[in-house]
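With the numbering used here applied, the sequence shown corresponds to residues 1 to 961, in that order.
No lab work stands behind these hints: they were computed from the structure. Keep in mind that the hints are not guaranteed to be accurate.
Estimated spans, in silico, between C-beta atoms of each pair [claimed, not checked]:
| hint | residue 1 | residue 2 | range |
| --- | --- | --- | --- |
| 1 | R225 | Y13 | 47 to 53 Å |
| 2 | E680 | H385 | 22 to 28 Å |
| 3 | E91 | Q698 | 46 to 52 Å |
| 4 | N102 | D67 | 48 to 54 Å |
| 5 | D262 | E320 | 47 to 53 Å |
| 6 | P946 | R225 | 58 to 64 Å |
A virtual CB, placed ideally from N, CA and C, is assigned to each residue, including glycine.
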Amino acid sequence: MEPTPEQSPHHAYPDHWEADVVLRDGGTARIRPITTDDAERLVSFYEQVSDESKYYRFFAPYPRLSDRDVHRFTHHDYVDRVGLAVTIGGEFIGTVRYDRINDQGRPASAPADEAEVAFLVQDAHQGRGVASALLEHIAAVARERGIRRFAAEVLPANNKMIKVFRDAGYTQQRSFEDGSVHLTLDLEPTEKSLAVQRGREQRAEARSVQRLLAPGSVAVIGTGRTPGGVGRTVLRNLLAAGFTGRTYAVNRAFDEGLTTLDGVPAHRSLGEIDEQVDLAVIAVPAHRVPEAVADCGEHGVQGLVVLSAGYAEQGSTGRELQRELVRQARSYGMRIIGPNAFGIINTAESVRLNASLAPESPARGRIGLFTQSGAIGIALLSGLHRRGAGLSSFISAGNRADVSGNDFLQYSFEDQDTDVALLYLESLGNPRKFTRLARRTAAVKPVVVVKGARHSGTNPPGHAVPVSRIPDATVSALMRQAGVIRVDTVTEMVDAGLLLAGQPLPAGPRVAILGNSESLGLLTYDACLAEGLRPRPPVDLTTGASPQDFRDALAEALADGTCDAVIVTAIPWVGENGEAETGDGEVLAAALRGAAAGGPAKPVAVVHVEIGGLAEALAAASSTAAPRTRPTTLAAQPSGPPAAPAPTENAPQEAAGTAGAEEGEPPAPPGRIPAYPAAERAVRAMAEAVKYAQWRRQAATPGKVPEFLDETTDEPGAAVLIDTLLGATPDPRGRPLTHDEARELLGRYGIPVRPTLPAPDPDAAVAAAARLGYPVALKTTAPHLRHRADLGGVRLDLADEDALRRAYGEFTELLGKPAELLPVVQSMAPRGVDTVVRASIDAAAGAILSFGLAGAPSELLGDTAHRLVPATDRDAAELIRSIKAAPVLFGWRGSAPVDTPALEELLLRLSRLVDDHPEVVSVALEPVVVAPAGLTVLGASVRLAPPPPRGDLGPRRLPNY
1 MEPTPEQSPH HAYPDHWEAD VVLRDGGTAR IRPITTDDAE RLVSFYEQVS DESKYYRFFA
61 PYPRLSDRDV HRFTHHDYVD RVGLAVTIGG EFIGTVRYDR INDQGRPASA PADEAEVAFL
121 VQDAHQGRGV ASALLEHIAA VARERGIRRF AAEVLPANNK MIKVFRDAGY TQQRSFEDGS
181 VHLTLDLEPT EKSLAVQRGR EQRAEARSVQ RLLAPGSVAV IGTGRTPGGV GRTVLRNLLA
241 AGFTGRTYAV NRAFDEGLTT LDGVPAHRSL GEIDEQVDLA VIAVPAHRVP EAVADCGEHG
301 VQGLVVLSAG YAEQGSTGRE LQRELVRQAR SYGMRIIGPN AFGIINTAES VRLNASLAPE
361 SPARGRIGLF TQSGAIGIAL LSGLHRRGAG LSSFISAGNR ADVSGNDFLQ YSFEDQDTDV
421 ALLYLESLGN PRKFTRLARR TAAVKPVVVV KGARHSGTNP PGHAVPVSRI PDATVSALMR
481 QAGVIRVDTV TEMVDAGLLL AGQPLPAGPR VAILGNSESL GLLTYDACLA EGLRPRPPVD
541 LTTGASPQDF RDALAEALAD GTCDAVIVTA IPWVGENGEA ETGDGEVLAA ALRGAAAGGP
601 AKPVAVVHVE IGGLAEALAA ASSTAAPRTR PTTLAAQPSG PPAAPAPTEN APQEAAGTAG
661 AEEGEPPAPP GRIPAYPAAE RAVRAMAEAV KYAQWRRQAA TPGKVPEFLD ETTDEPGAAV
721 LIDTLLGATP DPRGRPLTHD EARELLGRYG IPVRPTLPAP DPDAAVAAAA RLGYPVALKT
781 TAPHLRHRAD LGGVRLDLAD EDALRRAYGE FTELLGKPAE LLPVVQSMAP RGVDTVVRAS
841 IDAAAGAILS FGLAGAPSEL LGDTAHRLVP ATDRDAAELI RSIKAAPVLF GWRGSAPVDT
901 PALEELLLRL SRLVDDHPEV VSVALEPVVV APAGLTVLGA SVRLAPPPPR GDLGPRRLPN
961 Y
């Protein structure tokens, strides 16, 4: 009898294989290893599978499993024999198993690296992506256990299973043998398999949010019997918004004779409702939430909005309650917004959902809003309402135990009603995934982010995710690289969102300024210069300007090919009696809208001072920018049977309201013209639009990694060297490399480091200089003096032995004994600009490439630029040019420009090294002297460690709590 896992201590139950996943239709399921306790579940599962599916699995009629079958399918060693199950509500809905085999197809153990794999999915759950998710996870398990290939026998009629293998993206071979299709899959991830995996993830997660925002029916659990209270408030708001689906009030304390409440059916439990409820809003005390969740799960509810408080925000006990809430909901296939949530809103005409505590549903618009804070959510809703802006959707996630900003980005990417995504985040949770999703979304629509807790590094209450150690400035740089518009305040987020949602993107930084106040025009001009824009001299229309004068001037500015955007400034004009008049804001707004409608598609913003009704009139545009052709994947309509997801090729196209004046495109219809009470706010919003538009244009033609890197790098040699240096049992803390070890490793990637020789005494220093050749430098390598020429730790241009001996004596007299200074001798490099190039691995954000000038001023001012690895040629060029001191590299004050192409090549080589070898957890090249021709790396420190886990490269899974 084969040993059970309990009898094999080396093969203990692998709990890290457990994972919650989102299926194709947006529901969730749990994947876990099959254990000896699953016999009854397996038998029950098999009884619910059709005879046809059983035939496809066993190639013969197989009505029931024998005791021997049950034992074989539930007893695994988790190495050579592994079984995984997908469960919902604790019951199996699909299984997969692999058995390691040798070249003859017989059972084997390592080092055999092939396994036979077979799947079985319950018929009722076929088409939900169960088998695809199982393949991702069983392939990851197999790779972990040293298996490199899967073999599968499939009947030709089993088209669904053949498609699962074919569409997975792995390298595969197919042949027809003995009446069946023989498939062999190479399990090494490929670009295609990773793209397939991420495409499935995107569609599934977007669909899961869409199910929450567009339900066909809503039950409010915890609706009070008397007016007031959270539940009754949500019910009132649902009805006031005109929700198009069916609404139910649920409270176990209702009298048995109560049948309606506020005009909707009233029930004591979900079991009394005749139909399946799509969305449940839970507003009961925390101790009663588990009962409500179980009721929802047992009656097929698709998603939950948990308004109840008393969870992780209240300490360790609450954190455990929150984790159990997530586990319970996911076990039934439900996703959660909350707990401690403010609610959700969908303004689509076919839905009109206000399942929130917001007393008034916002107007319909084209801005999507996600916030982790209810208080911030209230402020944003109020601010947008005051300025006449509408929303497409709103999610206030509270403790963000499940649905996150990443899910919202997945949804916003495809949502045809959203042109701009606004997010208030207090953490990124999974920064690698966030930057990947943000980059893809920003390529088709703007993403504006305010990040709270910038300096505390906090996570949402109850979350167990890696805390990023990188400074906030680095986070900003990485967001910019991904196309995210990061602003500092919620006011700035609203300012930018209004402009981006209502106006086309500017084609460049040239700004025309016109208005009836010379002073306000000058303030606007100065603000443009401060934000890096190129303003034209303001056009003063004088205080006597009429609305027609504004219209003519705006039309002329828009028609001028030398300007890319227009900012209009307006103050109350002076009447004939000399008194200031507020004027008719609607008349001026109509004049400005008319000019914008008749001119080329350029963004227009208005700065006004106390002109009554102007902002409201400008917001009430006569023609709102309409979206271009978009996919219908996430059409806002009440939930019914899950719609078939669109293929990944149908990525959303940019909306006309946010499109720039691209060549060959027709002008966009006029949108709402945003109005601002201060010039600085309007200019800052315009500057963000300019930078984003430039990023969009560059992103249309992605950068590349030059081919010469493949020809001049020794990746296999570096891998062998790294394995040797780490040893058979590497220290988890890692180890720093010696100077010679670092030189050898960097040399494998074409990064030469100038050698140094130790100089423990003057004679050794002279001998070293004789080997290297004069002139030389004498340097200390003591940690407190290294790279500190200002403290006397470096002596340069020592031309002969006398100069070297004299410098050595001064060195030791001023700074200490040689044993403390650890001096070295190095040959002089050509003169140039001293720079610093670094690469490091952050547990949360991944590999980061950094660049700056060497020296204390750059460190004190934080003048360092950052990019995510792998870096492209464009990333390297931008990295060099994005620091404030960049002019020093390009001939500042008459100096000779340095060899920036050589510097870009160095950045690319270092990026390639840390991307190819995650064991290289940090590299510092300091200083790198960049001369007019070439560069010299004078110092290098490298640290190796076992590579941190890369969750973004593994199979799809939701965060564990």
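Here's how the hints hold up against the structure:
1. R225 to Y13: 47 to 53 Å: holds, 48 Å
2. E680 to H385: 22 to 28 Å: holds, 23 Å
3. E91 to Q698: 46 to 52 Å: Once the Cβ atoms are compared, 51 Å apart, the range 46 to 52 Å for Q698 and E91 holds.
4. N102 to D67: 48 to 54 Å: violated, 28 Å
5. D262 to E320: 47 to 53 Å: 36 Å Cβ-Cβ, so the 47 to 53 Å window is violated.
6. P946 to R225: 58 to 64 Å: At 60 Å between Cβs, range holds.
Hints 4 and 5 from the list above are not met by this structure, while the remaining hints are.
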